[in-house]
Every structure is written in C-alpha cells, then in structure tokens.
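Work out the full structure, taking the sequences as your base and the hints as a guide.
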Amino acid sequence: MKEGKLQTADKGTQTLNRRILEIFRERKGEVISGEELSTMLGISRTAVWKHVEGLRKLGYTVSAVPAKGYRMVASPERLVADEIAAGLSTERIGTRIVCLDETDSTNNVAFRLAEEGTVEGTVVIADAQSRGKGRLGRSWASPKGVNLYCSVVLRPAVPPVAASQLTFLSVVAVARAIELTTPLKAWIKWPNDILIDGRKIAGLLNEMSAETEKVNFVVLGIGVNINMRREQFPPDLRHPASSLYLENGEELDRNRFICTLLRELDELYAIYLRLGYGPVREEWLSRSQLHGRKARIDAQNGSVIGIINGIDDMGALLLDMDGREERILSGDVTLL
Amino acid sequence: MDIKDLKVLVKMVTETDITEFELENADEKIRIKRGTAPEVIHYQQPPVAPVQFPSVQQAAPAAPAEASSAPAPVAEKGQKIVSPIVGTFYRAPAPDAAPYVEVGQVVEKGQVLCIVEAMKLMNEIEAEFRCKIVKICKENAQPVEFGECLFIVEPL
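Taken in order, these protein sequences are the chains called A and B.
The opening residue of the first sequence carries number 53 in my numbering; numbering runs sequentially from there.
The opening residue of the second sequence carries number 1377 in my numbering; numbering runs sequentially from there.
Keep in mind that the hints are not guaranteed to be accurate.
With a straight-line Cα cutoff of 27 Å, these simulated DSSO-like cross-link-like pairs (lysine-lysine) come out [as the list claims (entries may be wrong)]:
#: 1; chain 1: B; residue 1: 1387; chain 2: B; residue 2: 1405
#: 2; chain 1: A; residue 1: 80; chain 2: A; residue 2: 109
#: 3; chain 1: A; residue 1: 120; chain 2: A; residue 2: 109
#: 4; chain 1: B; residue 1: 1387; chain 2: A; residue 2: 266
#: 5; chain 1: B; residue 1: 1456; chain 2: B; residue 2: 1387
#: 6; chain 1: A; residue 1: 266; chain 2: B; residue 2: 1511
#: 7; chain 1: A; residue 1: 80; chain 2: A; residue 2: 120
#: 8; chain 1: B; residue 1: 1514; chain 2: A; residue 2: 266
#: 9; chain 1: A; residue 1: 346; chain 2: A; residue 2: 237
#: 10; chain 1: B; residue 1: 1456; chain 2: B; residue 2: 1485
#: 11; chain 1: A; residue 1: 266; chain 2: B; residue 2: 1383
#: 12; chain 1: B; residue 1: 1508; chain 2: A; residue 2: 266
#: 13; chain 1: A; residue 1: 196; chain 2: A; residue 2: 252
#: 14; chain 1: A; residue 1: 266; chain 2: B; residue 2: 1456
#: 15; chain 1: A; residue 1: 266; chain 2: B; residue 2: 1485
#: 16; chain 1: B; residue 1: 1405; chain 2: B; residue 2: 1383
#: 17; chain 1: B; residue 1: 1383; chain 2: B; residue 2: 1456
Heads up, incomplete: computed chain B residues facing chain A, CB under 8 Å, no partners named [claimed, not checked]:
#: 18; residue: 1458
#: 19; residue: 1461
#: 20; residue: 1463
#: 21; residue: 1470
#: 22; residue: 1471
#: 23; residue: 1494
#: 24; residue: 1518
#: 25; residue: 1519
#: 26; residue: 1522
Quick list of simulated restraints, FRET-style, between CB atoms [what the hints assert, rightly or not]:
#: 27; chain 1: B; residue 1: 1485; chain 2: A; residue 2: 169; range: 15 to 25 Å
#: 28; chain 1: A; residue 1: 362; chain 2: B; residue 2: 1485; range: 37 to 47 Å
#: 29; chain 1: B; residue 1: 1508; chain 2: A; residue 2: 143; range: 26 to 36 Å
#: 30; chain 1: A; residue 1: 168; chain 2: B; residue 2: 1484; range: 18 to 28 Å
#: 31; chain 1: A; residue 1: 235; chain 2: B; residue 2: 1479; range: 55 to 65 Å
#: 32; chain 1: A; residue 1: 364; chain 2: B; residue 2: 1479; range: 28 to 38 Å
#: 33; chain 1: B; residue 1: 1523; chain 2: A; residue 2: 328; range: 14 to 24 Å
#: 34; chain 1: B; residue 1: 1471; chain 2: A; residue 2: 365; range: 24 to 34 Å
#: 35; chain 1: B; residue 1: 1508; chain 2: A; residue 2: 187; range: 29 to 39 Å
#: 36; chain 1: B; residue 1: 1506; chain 2: A; residue 2: 291; range: 35 to 45 Å
#: 37; chain 1: B; residue 1: 1506; chain 2: A; residue 2: 197; range: 37 to 47 Å
#: 38; chain 1: B; residue 1: 1400; chain 2: A; residue 2: 378; range: 52 to 62 Å
#: 39; chain 1: B; residue 1: 1522; chain 2: A; residue 2: 143; range: 23 to 33 Å
In case anyone wonders, no lab produced these hints; they're calculated from the structure.
By construction, the Cβ of each residue, glycine as well, lies at the ideal position given by its N, Cα and C atoms.
So, in structure tokens, the structure goes:
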C-alpha cells in the first residue's frame, strides 16, 4: 500500500478515500451500490456516504443514482495525492507523496525533507511554484494549475561521481511518459532537456547532497509544461518553449501524466539499481540521436564547436574537435 | 581510542542497521548516530584532535589522538576541501551574482562555498566546520576532477 499525504484528511480517511478511488477506477462508469461499497470497505453505509461527500469536497464529481448507488463522473482538475497514489503500483517511487498548493520550489522542499530523513522515493508535487528553479540562477515559469512541478528523493548506493547518471534516467522517464500519454514524439537534448519540434517542453534540474565517498541523497527536479497556454509563457525566454497542450491541441489530465511518469521512473530506477547505467544510457542515446551531429556548446567560460561522439559512462558529452576528444560536463548544446 | 580504531568502529557500525551507538568508559565517550541526518560522529575526549569530516582531505597527516598525548594538538592549518565529483566549478549561484565566498572570509559550518555541476546535477559544497578561506584553488566555470582541491581553509 502506497502512502500519500492528503492535505486535509487523517490517515484512516486517506486509506479509505484511496480504496474508494481504486474501486471507481476499476469499474469505470459503473454505478456501484452503497451496500456493495460498504461490504467491500468494511464500513457502514453512512460512513460510505460521508467518504463520498469528502471526495466531492476534494473536487471529485460523484453522482448518486437514486436506489442504485454511486458513480464517479469526473476527477478534479487539481492535483490530489490520493488520486496519484491510487494510480500507482510502484516499488520505490511514490512511497510517500506530498502535494502542495504552492511552494517556492519543489526541489527546496524535497531537499529539506531528504535532510530530515524522508524515505527514498518521496515525491513532492506543487500546483504552483513562486521561485521555480532553473540552472545557475535561472528561473522556471511555474503558473498555477496547468503544469507539473515535482521533485523525487533518491538514495542510491553509488559513489557521488556516478550520481550524474541519474540525470539521464529522469529525462528518459519524462520522454516515455509524454509518448505514453500523447501522440507526440519527445526528443532529448543533452543532457536533459525535452523538446518537441525544437521547442522546449520540460526542464529537469537535479541536486545532490554528498560526501567524498557517499551520496546522501539526490533530488530529481522535473518540470513539464502540460496545459500551459501561450499567454502564460514569460516574454523573455532564452529558447523557444511550448506545452503538450499547445503541441497536441488537447488538454491532458495532469494526475494521469504524473502517475505514468512515476511508474516509468520507478521501472527505470529498478533497472538502474539491478543492471547499472548501461540500459538507461542505450535508451537515452537512441532517443537523443546526437551521434555524428555538429554542435556548439556554450558555457560560462566560452563556446566550443565539434562533432558529437556520444556520451561516456558518467553521461559527459564526448565532442570531437578536429580529432581531439573533449569531455563536456556542462553547458548549453545547440545543434548546427 | 585512536583514530584508526575509531575508523574501524564507525565502519563496523555503518555496515549494520544500527542507527545509534554509544560507548562510554572512564576517560572517553563515543557516540555515533546515523540515519536521518547526514552522519554525525561525536567523539568526546579532551584533549583530542577533531574527527575529520569525509569531504575534507588533510593537508598534513593527522596527529594521533592518544589519551596520553598531553597538550591538545592544534587544529592543522591549511586543510583542503576537495571535489566529490568530476564537474564544473562555480563560485557563485548565478553568472551575475556575487561569489559565495572570498579569500579571507570566515564561513560558518553548513555555509555554501561553491557549486560543482556535472550533467545538470548540482552539488553545493558546504563548509563542514567553521573556517577561514585561505585560498580558492580554481577559477570560476573551470572543470574540476574528483578529489581535486577547491579551497584551502583554516579551521577556526
């Protein structure tokens, strides 16, 4: 049983809410009698009614069909930890889910929880961020109610030098989730931007706490523009940006996207722990199609141009510069 | 108990599920706590050399911390703070921001000294103890190797 955090409910209510959501989900569209629910949940019919009322308050549309029972009509637009947890069947990721209406940055919250010892697989999700983080002081536009802003705490037993491999794991999970929930094709730019037709859809930023020989924890920060409208983008963007809605013309259920993403992340992380970096690297390479491409890499101390030879076993970009191979550890890639 | 024995003890404890370990006798008390917070090793035995934190490599070999060695060994001057990963060294949180630290500055335990980035994994390096920055060994935005010196500090 996964444990999520519900903003307003105690733990017993949480578990029951989740069971009810699971039942409605399994029997989508069916009318289920109060009596059947009361038997399945082991509570009185009055208690069933109370819980259904509770779900309505959380934004679920549950219709009561006289003399027949209840039917789930629609899930709320807002993000609900129980809704996400009910859709998960993961081993590690989502062991604990914390949903927030608004926070400064989910990475900050996750980092703090990790320092306090939160369990591996803790996921922090916010409906809005007031100071969404980008790389090196840049910001990530995080308007309310339309996108995904989440951070995942991992505690892998790998040396700090190998932790950069996790960057590639999370971006592959996001690419998979986009392709599983939309007809779009996600393309990965080194190391972990996701573009659709050349426009940036997702930004990922990871933070680590480590000692010389040991990773304390890694926070994987994931921002995906899901239902964001054109007017919600800031005017001064460095690169062309878009959302899944703008690319696909259809709104996407954010709870469904998150469930898919967390399941893919869980599977990839299990593979990583069992088989190492190899399979993740292979999938990343096939999705990025960078090999042999000419590129310019802009860093704070200047730019270099060369032919991309792939990535090494830490994920560093291998750039052939007139026969001399350079390992690139950071910077913005532009294909030429 | 000398540093070597203490190391063995810490290793033994960390290889088990024990989260807290305490040992006390006439002249020393050792407490090892782990789990929620980053590992903290308390070692009380006045006078004693400070137990070195893992991300700090000593510039000079550690003075043995035997109970018999009378005056407290003075904390070594010029300890190195090294990079735990291969990456790019940044002295400031953003290109147009002021550096985290300057030479001569006194920093508190837990204060951020720099960022080392590898493949968009950002690693903030913090001071493990109160110290004064003696030297900044790398230029901003330069690559650093694993174990390479980033700062020389003087513990206070």
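Now the hints, each set against the structure:
For a cut-off of 27 Å, the pair hint linking residue 1387/B to residue 1405/B stands: about 17 Å separates their Cα positions. The suggested pairing of residue 80/A with residue 109/A holds, with an alpha-carbon distance near 20 Å, which does not exceed 27 Å. Proximity of residue 120/A to residue 109/A is assessed by CA-CA distance (about 22 Å); at most 27 Å being required, the pair is judged to hold. Restraint check for residue 1387/B and residue 266/A: satisfied, since their Cα atoms lie roughly 13 Å apart, inside the 27 Å limit.
For the suggested pair residue 1456/B and residue 1387/B, the alpha carbons sit about 23 Å apart, so the restraint of at most 27 Å is met. Annotation: proposed proximity of residue 266/A to residue 1511/B holds, straight-line Cα distance about 26 Å (limit 27 Å). At most 27 Å may separate the alpha-carbon atoms for a hinted pair to count; residue 80/A and residue 120/A meet this at roughly 16 Å. Distance hint between residue 1514/B and residue 266/A is fulfilled; the C-alpha atoms sit about 23 Å from each other, no more than 27 Å.
Taking the CA atoms of residue 346/A and residue 237/A, the gap is near 22 Å; set against the 27 Å cutoff, the hint holds. Annotation: proposed proximity of residue 1456/B to residue 1485/B holds, straight-line Cα distance about 15 Å (limit 27 Å). With a C-alpha separation of about 16 Å, the suggested pair residue 266/A and residue 1383/B falls inside the 27 Å cut-off, and the hint holds. Only pairs whose Cα atoms come within 27 Å are accepted, and residue 1508/B paired with residue 266/A is accepted, the gap being roughly 26 Å.
Distance check on the hinted pair: residue 196/A and residue 252/A sit about 19 Å apart at the alpha-carbon level, within 27 Å; holds. A distance of roughly 18 Å separates the Cα atoms of residue 266/A and residue 1456/B; the hinted pair therefore holds under the 27 Å criterion. Of the supplied pair hints, the one linking residue 266/A and residue 1485/B holds, its CA atoms being roughly 19 Å apart against a limit of 27 Å. The straight-line distance between the Cα atoms of residue 1405/B and residue 1383/B is roughly 15 Å, inside the 27 Å bound, and the hint therefore holds.
Between residue 1383/B and residue 1456/B the CA atoms are separated by roughly 20 Å; this keeps the pair inside 27 Å, and the hint holds. Given the 8 Å rule on beta carbons, the hint for residue 1458/B holds: about 7 Å separates it from the nearest Cβ of chain A. Proximity of residue 1461/B to chain A holds as hinted, the smallest CB-CB distance being about 5 Å (cut-off 8 Å). A cut of 8 Å between beta carbons decides the hint on residue 1463/B: the least distance to chain A is about 5 Å, and the hint holds.
A cut of 8 Å between beta carbons decides the hint on residue 1470/B: the least distance to chain A is about 2 Å, and the hint holds. For residue 1471/B, the interface hint holds, the least distance from its beta-carbon to any beta-carbon of chain A being 6 Å, beneath 8 Å. Checking residue 1494/B against chain A by beta carbon gives a least distance of about 4 Å; that is within 8 Å, so the hint holds. Here the hint on residue 1518/B is kept, as its CB sits about 7 Å from the closest CB of chain A, short of 8 Å.
Interface restraint check: residue 1519/B against chain A, minimum CB-CB distance 6 Å, threshold 8 Å, status holds. Evaluation of the residue 1522/B hint against chain A yields a held restraint, the C-beta minimum of about 5 Å falling below 8 Å. The hinted range of 15 to 25 Å is satisfied by residue 1485/B and residue 169/A, whose Cβ atoms lie roughly 19 Å apart. In this structure, residue 362/A and residue 1485/B meet the distance hint of 37 to 47 Å, their C-beta atoms being roughly 42 Å apart.
At roughly 47 Å, the beta carbons of residue 1508/B and residue 143/A sit outside the given window of 26 to 36 Å. At about 20 Å, the CB distance of residue 168/A to residue 1484/B agrees with the hint of 18 to 28 Å. One distance hint, 55 to 65 Å for the beta-carbon pair residue 235/A and residue 1479/B, holds here, with the actual separation near 57 Å. Restraint check, residue 364/A to residue 1479/B: a C-beta distance of roughly 34 Å satisfies the suggested window 28 to 38 Å.
The hint said 14 to 24 Å for the Cβ distance between residue 1523/B and residue 328/A, and at roughly 23 Å that hint holds. Distance hint check: the CB atoms of residue 1471/B and residue 365/A are about 30 Å apart, consistent with the given range 24 to 34 Å. Checked against the given bound of 29 to 39 Å, the beta carbons of residue 1508/B and residue 187/A, roughly 30 Å apart, stay inside it. Take residue 1506/B and residue 291/A: their Cβ atoms lie about 42 Å apart, and the range 35 to 45 Å holds.
The hint said 37 to 47 Å for the Cβ distance between residue 1506/B and residue 197/A, and at roughly 45 Å that hint holds. Hint check: residue 1400/B to residue 378/A, Cβ distance near 55 Å, so the stated range 52 to 62 Å holds. Between residue 1522/B and residue 143/A the C-beta distance comes to about 31 Å, which sits within the given range of 23 to 33 Å.
Hint compliance for this structure: hint 29 alone is broken.
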